[in-house]
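Q: Sequence:
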Amino acid sequence: MIALIPSLRAFARGLCGNRELADDLAQEAMMRAWAAHHSFTPGTNFRAWMFMILRNQFYTTIRKNARMTSWDPEAAERLLVEAPPQQHHIHMTDVEKALRKLPAEQREILMLVGAGGASYEEAAEITGCAIGTVKSRLARGRVALAALINGPDEIVVRKSAASKQVRNESVKRSSAAPSL
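Per my numbering, the very first residue in the sequence shown carries number 791; after that it's consecutive.
Everything labelled a hint here was simulated from the structure, so no lab data went into it. Check before you lean on any hint, since a few could be wrong.
Only pairs whose alpha carbons sit at most 30 Å apart, straight line, appear in this in silico DSSO-like list of lysine-lysine [as the list claims (entries may be wrong)]: (1) K887 with K925; (2) K891 with K854; (3) K925 with K891; (4) K887 with K854.
Label-pair ranges, simulated between beta-carbon atoms [to be verified]: (5) G833 with I939: 35 to 45 Å; (6) M821 with I852: 16 to 26 Å; (7) D884 with T831: 40 to 50 Å; (8) G833 with E864: 44 to 54 Å.
Values in this document were obtained by computation on a predicted structure and should not be read as measured data. C-beta atoms are modelled at their ideal positions from N, C-alpha and C, and glycine is treated no differently.
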């Protein structure tokens, strides 16, 4: 269980975007797992079981906090301060902001597979969806994340260049094929 702590914290931070809340979620998930250790089926995927507990704890916390608001003066101060202009590189804060804009399903899969190192099968088990759904959410999430970070124009240019290359290759194949 201890070996999973960094992965659990990273996944929790990806879900909620707040380091303190992520730590609380990871701790709560570990406490719940310890309390429910008798319900774990030996021979099954312990990692997926832990991530599922964390995920469920996150959604429970969201539901409980839906009507509550909090004031963090330090966070408010950071929002009101203009950061110095940076060019030609990405900061983790840019990635975090972009992740926040993604649909929850895509963000969750990106954090599980991309950041957490979970396999498609583990991610499918944790989220309760099919492996194909995991793959499509991951692919769409990556494209959307790149568009949010780099701007949509760069993605369109890459897609059109790739489709042009595919068209050129199919034309070459069709002209090289013998006619019957």
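Q: Now tell me, hint by hint, if it's right for this structure.
A: Consistency of the hints with the structure:
The suggested pairing of K887 with K925 holds, with an alpha-carbon distance near 23 Å, which does not exceed 30 Å. Using a Cα cut-off of 30 Å, the hinted pair K891 and K854 holds, with the two alpha carbons roughly 22 Å apart. Of the supplied pair hints, the one linking K925 and K891 holds, its CA atoms being roughly 20 Å apart against a limit of 30 Å. Our distance criterion of 30 Å between C-alpha atoms is met by K887 and K854, whose separation comes to about 24 Å.
Against the hinted window of 35 to 45 Å, the Cβ-Cβ separation of G833 and I939 comes to about 41 Å, which satisfies the hint. Taking 16 to 26 Å as the suggested C-beta distance range, the pair M821 and I852 conforms, at roughly 19 Å. The given range of 40 to 50 Å is respected by D884 and T831, whose C-beta atoms sit roughly 41 Å from each other. The supplied range of 44 to 54 Å is met by G833 and E864, whose beta-carbon atoms lie about 46 Å from each other.
Consistency note: the structure conflicts with none of the earlier hints.
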